[in-house]
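Quick mapping for you: the protein sequence lines, in order, are chains F and R.
Here the first sequence stands for residues 1 to 215, numbered as in the working numbering.
Here the second sequence stands for residues 1 to 383, numbered as in the working numbering.
Keep in mind that the hints were calculated from the coordinates and are not lab data.
The beta-carbon is built from N, C-alpha and C at its ideal position, and this holds for glycine as well.
Among these hints, one or two may not hold up.
What the hints assert, rightly or not - Estimated spans, in silico, between C-beta atoms of each pair:
hint, chain 1, residue 1, chain 2, residue 2, range
1, F, Ala-154, R, Ile-358, 26 to 36 Å
2, F, Gly-113, R, Gly-170, 38 to 48 Å
3, R, Gly-124, F, Gln-31, 39 to 49 Å
4, R, Leu-8, F, Val-204, 33 to 43 Å
5, R, Ala-217, F, Val-110, 47 to 57 Å
6, F, Ile-79, R, Gly-124, 25 to 35 Å
7, F, Ala-101, R, Phe-355, 38 to 48 Å
8, R, Glu-86, F, Ser-109, 49 to 59 Å
9, R, Ile-243, F, Ala-154, 50 to 60 Å
10, F, Ser-207, R, Phe-355, 23 to 33 Å
11, F, Gln-31, R, Arg-123, 41 to 51 Å
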Amino acid sequence: MAANEREPLFSPKNLKLITNPINVDNPITKQVLGICSALAVTVKLEPAIVMSISVLAVMAFGNLIISLMRNGIPSRIRIIVQLVVIAALVILVDQVLKAYAYDVSKQLSVFVGLIITNCIIMGRFEAFAMANKPWPSFLDGLGNAFGYAWILIAVAFFRELFGSGALMGYQIIPDSFYDMGYVNNGLVILPPMALFAVAAIIWVQRSRNKELIED
Amino acid sequence: MKFIRNILDSVKPHVQKGGKFQAFHSMYDAADTLFFVPDVVTTKGSHIRDGVDMKRAMFIVVIALVPALLFGMWNVGFTHFASIGEEAEIFTAFWYGFLKVLPIILVSYGVGLGIEIAFAQSRGHEVNEGFFVSGMLIPLIVPVTTPLWMVAVAVAFAVIFGKEVFGGTGMNIVNPALMTRAVLFFAYPSAMSGDKVWISESADAISGATPLAELTAGNGSGLSLFEMLVGNYAGSVGETSVIAIGIGAFILLFTGVANWKIMTSFFVGGFAMAVILHSFAGSFPDNSYLELCPWEHILIGGFAFGGVFMITDPVTATQTETGKWIYGFLGGFIAILVRVLNPAYPEGVMLAILFVNIFAPTIDFYVVDANIKKRLKRAKVSA
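Turn these sequences into a full structure, and let the hints guide you.
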């Protein structure tokens, strides 16, 4: 029967497309892509979450669209076609943000527009969506976006907690600490600290999983 | 010494492999080799150059730091009593400073050695003496009022990210003590600069700005030559006295622990930059820093301390002989450049040394490369 030949929607192979990028094939910690936005939007938790959702939308649907069109794209102009798709999606996301989350949209300012240049998205289009069917491509986009998102959120959590003593804008570290002489760490606010945080995550990840260590 | 040996021997069976307290092996090892020369010898062919091992070299640096430390303690007391308008006996002032500086030393050693031992244990390395000098340098380069928890945070960060991630002692790219100061400086700027932090418990009305801060603000340094040499003015604990640092420099150079080329070229570089900038003093009347005499640049602030104890750190310095001249010169040159031309940083020595630390491998690479090219050329001519 034809139905039996079809692969189930969530076959182990397809599930791997989601779980791998979250851990062992993480776009930030393993492939070291998308670092620029990890530096820029992780000072506070809220923009990091919004940024993650935006990237998720662009990446998942971008992968889907490219995969649907993959047989019709002449390979010599594929990059520009991919860019058009990303740009269209980013403009959509940007308009939605401006309409429904104006404050965050202002905080993220140019970085939403810069999703266009996010290397992870172009990388997934080239490496996966151009050569795979729509459904796996969609899952791959989701997986990579999740992998990107959790790193972003982890770094932002750390930076907002120690840099501003707050989470999502609510003060977490009690006033009594400040009265006793606690001071927010100004270094954590500076962009380089995001690199230290990402490096620490990479460090932990590789010491737990020896396969990731290169010679 | 027999007594210590007996204690160590009685503890030994418990901490060896299979013993009850195996986990503390590296700590035992550290204590043992601290008191006694290890009886382990090389099994393969060895290249003996000198009987001095890392432990002895590190101790010489610590001994060289003692004059600056003792003077710094006295100076903490002296500036404190001066700010509240009292005259104090030498010993009273020293005792006051001793009680203020000692906690910083303890925290610096406690946190730093704790992390070192933990890493050595988990990696199966021996604990080595890498942190002995850093732990003593740190109290000397921070303001005496730095809160202890800030010192602890900065030391932990610097030891982990400045040193252990690169593989521990001997592998670090930047000087861990300076990195500690840089972390403090960027993380808690209010505790590391301004005119309230340099004098312990000063009266509110007294401005305790360092001479460099006064210069940046457009006032004179307000110091006589004698004061610059002796160093009884506000500043980081150990950086002020040129005489005490000079004694340390003598010890380091006499024993050969510090490299004289680096030290000399650092001061030459700083002096050269100071002369260049000084020659522009007339053209830019806004920057009163330019009017400072070139040789006064060498005497005030952390320049002498950096040149004697920081830039000469053999791990982070260049290894080639020509490279040492370039490295030291660049360090001094940039230090004065930052100091005079960047109003945000009254002192540039820390940033300059960290900067050239990062450049040291590149300098070495090009020195070696140039040498190879030179020799290749010679080979072609003769062929």
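Going through the hints against the structure:
1. Ala-154/F to Ile-358/R: 26 to 36 Å: 28 Å, holds
2. Gly-113/F to Gly-170/R: 38 to 48 Å: 47 Å, holds
3. Gly-124/R to Gln-31/F: 39 to 49 Å: 31 Å, violated
4. Leu-8/R to Val-204/F: 33 to 43 Å: 37 Å, holds
5. Ala-217/R to Val-110/F: 47 to 57 Å: The hinted range 47 to 57 Å is violated for Ala-217/R and Val-110/F, with Cβ atoms some 37 Å apart.
6. Ile-79/F to Gly-124/R: 25 to 35 Å: 50 Å, violated
7. Ala-101/F to Phe-355/R: 38 to 48 Å: The hint (38 to 48 Å, Cβ to Cβ) holds, given that Ala-101/F and Phe-355/R are roughly 42 Å apart.
8. Glu-86/R to Ser-109/F: 49 to 59 Å: 56 Å, holds
9. Ile-243/R to Ala-154/F: 50 to 60 Å: 51 Å, holds
10. Ser-207/F to Phe-355/R: 23 to 33 Å: Between Ser-207/F and Phe-355/R, where Cβ atoms are some 30 Å apart, the hint holds.
11. Gln-31/F to Arg-123/R: 41 to 51 Å: Because 28 Å falls outside the window, the suggested range is violated.
The structure fails hints 3, 5, 6 and 11 (numbered hints given earlier, in ascending order).
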